[in-house]
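Asker: Order-wise, the sequence lines are chains D and P.
Counting in this note's numbering, the first sequence runs from 14 upward without gaps.
Counting in this note's numbering, the second sequence runs from 3 upward without gaps.
Possibly wrong hints are sitting among the right ones.
[What the hints assert, rightly or not] Listed below are the simulated EDC-like cross-link pairs for lysine to aspartate or glutamate, each with C-alpha atoms no more than 20 Å apart in a straight line:
{"id": "1", "chain 1": "D", "residue 1": "162", "chain 2": "P", "residue 2": "14"}
{"id": "2", "chain 1": "D", "residue 1": "166", "chain 2": "P", "residue 2": "14"}
{"id": "3", "chain 1": "P", "residue 1": "24", "chain 2": "D", "residue 2": "126"}
{"id": "4", "chain 1": "D", "residue 1": "155", "chain 2": "P", "residue 2": "14"}
No lab work stands behind these hints, which were simulated from the structure alone.
Predicted model, so just to flag it, every value in this text is computed and none were measured.
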Amino acid sequence: MSRREAFEQAVSPHTRGLYAFIRHLNRGECDDIYQEAMLAAWQGFESLQDPDALRPWLYGIARRKAMDAYRRQYRKDAREEGWPAELPQNGFEGQSTLKLDLDQALSTLKAEDRALLYLVFNQGFTYRQAGEALGIPEGTVKSRVYALKRRLKLLLGDKEETA
Amino acid sequence: MRDEEQKGILMETQNVDAAFEKALIQALARAEAQPPVFLIPPEIPMPQAFERSVNQVSRAMDISRSALRLAFNFM
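Required output: the full structure, derived from the provided sequences and hints.
Answerer: Have a look at this one:
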């Protein structure tokens, strides 16, 4: 099997999830980030020793590329307008007492937090794998997931959580 | 009776939690879409003469670095 075939076979089951993860991180530039991440994965594919590490490795590359895109955007905005770029949203900050629907509640979270929830709940990542992908310790992942769930429930007006 | 009440409350809490997680998964999945096609870049073989030149330049740079280091040590 050629290197190209091996890469396609290994990576193709993850592309949809990877793209959604990137969309959670940065919807505006998701296509460019996806292409950059895939190119970096292709270039580094041979150095990957453990096939089980592929998924966190891929998502880790995507996260770094998304961070690079944020930095580029931040510098560009600062240069052009003298004002920092808007960091991943917090548009509903201060409305925690209102009952919001889940989409709205999710939009109040930081992009990285939404991406973390996507990895854990939709992609079935363990806390350890999610930590590897996002570059944070396993314990932090665990506590952050708990805190995020609690925050979402609060925003949704869950009486039990507010009590 | 009290145990049964507690069990009932626990089950209800678990159901609420499961329903919440299910809704969360659905909401997060709304970001899913068909990714753009990634075309693996073609590999252009490097001509042997070019590869030799690159090696020579890199060797020359190594020698220059060593020479500079040596010179600084004498200073």
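Asker: Now tell me if each hint is right for this structure.
Answerer: Going through the hints against the structure:
| no. | hint | in the structure |
| --- | --- | --- |
| 1 | 162(D) to 14(P) | holds (18 Å) |
| 2 | 166(D) to 14(P) | holds (16 Å) |
| 3 | 24(P) to 126(D) | holds (18 Å) |
| 4 | 155(D) to 14(P) | violated (24 Å) |
Hint compliance for this structure: hint 4 is the single one not met.
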